[in-house]
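**Student:** Each chain is listed here by its residues.
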Amino acid sequence: MAADPKDIESINLLLQGDKNALYLLYDKYSGALYGVILRMCREEDLAKDLLQESFIKIWKNIGSYDAEKGKFYTWAYRIAKNTTLNALRKSTPLIQSEDLSVYENKNADLEVTDYTALKGILSELEPHHQQAIDLVYFKGQTHREAHKAMNVPLGSFKSYIRQALMKLRERRSELTLLILLIEVFGNG
Amino acid sequence: MDKKKILEDGLLAQYLLGELSDDKEILIQKGLKEDADLRSIFEGLEEEFQNIAFENAIQPPDSVKIALSDALETNGETSKVRDITVLKKSDTFNYGRLAVAASLAAIFALSSFWFYNRWQASEDNLKALQEQTFALQDRLSNLEQTFEVTSQRYQSINNRNVIPLLLKGNRIFPESRAVAYVNHTTKSVLVNSQGLPPLEKDKTYQMWADVDGIMINMGLLPADTDLIPLKYIDKAESFNITIEPAGGNDHPTVENLISNVLL
Chain G
1 MAADPKDIES INLLLQGDKN ALYLLYDKYS GALYGVILRM CREEDLAKDL LQESFIKIWK
61 NIGSYDAEKG KFYTWAYRIA KNTTLNALRK STPLIQSEDL SVYENKNADL EVTDYTALKG
121 ILSELEPHHQ QAIDLVYFKG QTHREAHKAM NVPLGSFKSY IRQALMKLRE RRSELTLLIL
181 LIEVFGNG
Chain A
1 MDKKKILEDG LLAQYLLGEL SDDKEILIQK GLKEDADLRS IFEGLEEEFQ NIAFENAIQP
61 PDSVKIALSD ALETNGETSK VRDITVLKKS DTFNYGRLAV AASLAAIFAL SSFWFYNRWQ
121 ASEDNLKALQ EQTFALQDRL SNLEQTFEVT SQRYQSINNR NVIPLLLKGN RIFPESRAVA
181 YVNHTTKSVL VNSQGLPPLE KDKTYQMWAD VDGIMINMGL LPADTDLIPL KYIDKAESFN
241 ITIEPAGGND HPTVENLISN VLL
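First to last, the protein sequences are chains G and A.
Residue 47 in my numbering is what sits at position 47 of the first sequence, and the numbering runs on without skipping anything.
Residue 261 in my numbering is what sits at position 261 of the second sequence, and the numbering runs on without skipping anything.
Honestly, I wouldn't trust all of these hints.
Stated by the list, open to error - Rough simulated footprint, nothing fancy, chain A against chain G, three-plus residues with beta-carbon under 8 Å: (1) 63–76; (2) 144–158; (3) 164–170; (4) 180–186.
Claimed, not checked - Each computed DSS-like pair below joins lysine-lysine, with the alpha-carbon atoms no more than 27 Å apart: (5) A:Lys4 / A:Lys30; (6) A:Lys65 / G:Lys90; (7) G:Lys57 / A:Lys65.
Calculated directly from the structure, the hints in this document are not laboratory data.
Just so it is clear, CB atoms sit at the ideal spot from N, CA and C, and this is done for glycine as well.
For reference, chain G alone in the conformation it holds in the complex (with noise of 0.2 Å):
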């Protein structure tokens, strides 16, 4: 898999022990992290716990990344939103003691707040392709769960997912591309 080799570099580092090789990927992680679990959680005395538990998770579990099945941070991503839907789990009633209302009135809450607002070019995108998004990516949902939200299909659902991606890129090229033409021409 496509792992960064500065990534790499540091996991090596970490699995002799080394705190700084740690530090190291905090720096350039924990905001991406940090962003997920305050989003999912949003509380932020919640949420720096859960980003210093997520670390302490990859300190002592490094030993069990494989970077053949792909990159340093979507293993981080799957701990850190797995700690955080596990602290969340803990401070709410596992089972809905009501019917469906219940569950509506928990989709209605889910509604985003300042810091959760959507940024980049995630946040061009049409709202049906960015609330899939967010909420199997931000909110921590399964597709089974995140279709019922959105009151669609689970087809339909994964199709905006699929839809979604494909614009994500499709928009990132457009902007590389225009980014080469600027530094081209700028220069020449």
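Starting from the known structure of chain G, fit chain A onto it as the hints suggest.
**Tutor:** Chain A alone, transformed into the frame defined by chain G:
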């Protein structure tokens, strides 16, 4: 599992997000290992999700890094460099004492080696246990999610306010069956469409509520699905299922009506 199914079902995104069961994860990993094209698509997906995360990054306060560093220093093994004392050569060199010292050093070296091996074995065991715990935690997390979804579904249909209605197929599809669960208190409708035969790709089932002779769209109904939430329509007198072009229709195609039930 073939590549087409993995791509069509969007399983790579679910794998990346850690949503799949252990057995499905293993199948995807096998697919990624064996198919360079699939691997390249997955790498693109990873890249895109990482870009999204970086664009939406929020800088944590410095206090988190300080707390992390404190936690690691408190619990981690901090090695201390031992002071080495150089012995001055004595004028009265005692071979007997030297032999005793050498023997003690040999015993110390052997016991150190033995302890080192034991320590290494314990470390390996600990690491294996940590890995197992980690895998079990992930599995538990997946099971809890599945349990939560199942419990919610069970709660939503096993409720005294819920009226189950069987939608039997007419002469077009005599063998088809669907069950609608209507809750007038919470104004919700869930439909189990597992008994509807699969349709061609360019067609879909669509459900309609009849209100004073006007058919109102309740939503699309994918075949062979557990429970689909549809729009609840006030004062509906009957539910009707028709076959429509993929994506649904604004008005029902009455000749394609395959089932209906009075409320």
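**Student:** Of the hints stated earlier, which fail here?
**Tutor:** Hint check: 4 fails alone, others pass.
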